[in-house]
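Model the full assembly from the supplied sequences, consistent with the hints where possible.
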Amino acid sequence: MTESTEAKALWAEIRAEAEAIIAREPMLAEMLHHAVLDCRDLADGLARLISARLANQVVGREPLYQLCMAAYRETEIIEAVCADFRAVCSRDPATSEYSIPFLYLKGAHALEAFRVGHYLYTHGRTDAARYLQSVISDVFAVDIHPAARIGRGIMLDHATGIVIGETAVVGDNVSILQDVTLGGTGKENGDRHPKVGDGVMIGAGAKILGNIKIGTGAKIGAGSVVLSEVAPHTTVAGIPARVVGRPREAMPALNMDQELDTAQPVCTSACGVICKKDV
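In full-length UniProt numbering, the protein residues as written are 1 to 279.
No wet-lab data here; the hints were simulated from the structure.
Certain hints may be false.
List time: in silico DSS-like cross-link candidates among lysine-lysine, alpha-carbon distance up to 30 Å [unchecked claim]:
id	residue 1	residue 2
1	K195	K213
2	K106	K195
3	K8	K106
4	K187	K213
5	K106	K213
Distance windows between CB atoms, simulated [claimed, not checked]:
id	residue 1	residue 2	range
6	E74	A52	19 to 25 Å
7	T75	L37	23 to 29 Å
8	P63	G186	34 to 40 Å
9	L37	V59	22 to 28 Å
10	A222	E76	29 to 35 Å
11	V59	A29	24 to 30 Å
12	P26	V58	31 to 37 Å
13	E79	T185	32 to 38 Å
14	T75	A52	32 to 38 Å
15	T126	A222	32 to 38 Å
16	Q258	G60	38 to 44 Å
Every value quoted in this text rests on a predicted model; they were computed, and no experiment measured them.
Where a beta carbon is used, it is the ideal one built from N, C-alpha and C, also for glycine.
Now the structure itself:
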């Protein structure tokens, strides 16, 4: 595989940041050389880092490294990785450098490890993929079935307690906060998990259950339980979730505004339909 231009550019920035970190904090020099400065490229560095995080007495670092490299050598996957890291830096005010999600943020690590598991699952190595899912859950407290389909430009913010089921689909440029579940109702087989559109923001602790569609640009309020479809560019909140407004922006995931947009004229009746007042 020829390394993509995007991956080369991102890796150059991470390397420069790593050198600056060593100048500020020499204690981290060994780690930074292993994970960044001694690595050939982004795929190599990320594979070293993820395999070190997930290695244990059952499966050691080297075989995990080889699994990671097989996935990250795929252009589509490494470009998704780049989009994920750039998403974190653009949306998280506490993250000003690309080396931060690369080195330290478990949401980013869990997501990029999931991408390895998904690669294995779709290439017939389902046992290895399920093993990886188990270890990711143990290490990062994030449980994503390797068959789930997740787009690019994703931020798993804080990440602890995120659960994404087997038949779930997550579009591009989605932000998911901690303790979110994309689960089934417990009563169905087959295609039973949510389908989340592009640009959706899902607030902390929200539960979205069943094979329901969350439309493009929707916003799910923190702590909500969503049991029915959400229209595009709609804000829902509550238990069970009901329409409370419309997001102020087309893609709420991109600016992470946690407000519920209730200043808009809306109907919050059980019909769940926004009713605009006549002007």
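Results for each hint:
no.	hint	result
1	K195 with K213	5 Å, holds
2	K106 with K195	24 Å, holds
3	K8 with K106	23 Å, holds
4	K187 with K213	18 Å, holds
5	K106 with K213	28 Å, holds
6	E74 with A52: 19 to 25 Å	21 Å, holds
7	T75 with L37: 23 to 29 Å	24 Å, holds
8	P63 with G186: 34 to 40 Å	36 Å, holds
9	L37 with V59: 22 to 28 Å	26 Å, holds
10	A222 with E76: 29 to 35 Å	32 Å, holds
11	V59 with A29: 24 to 30 Å	28 Å, holds
12	P26 with V58: 31 to 37 Å	34 Å, holds
13	E79 with T185: 32 to 38 Å	35 Å, holds
14	T75 with A52: 32 to 38 Å	24 Å, violated
15	T126 with A222: 32 to 38 Å	35 Å, holds
16	Q258 with G60: 38 to 44 Å	42 Å, holds
In the structure shown, a violation is registered for the earlier hint numbered 14 alone.
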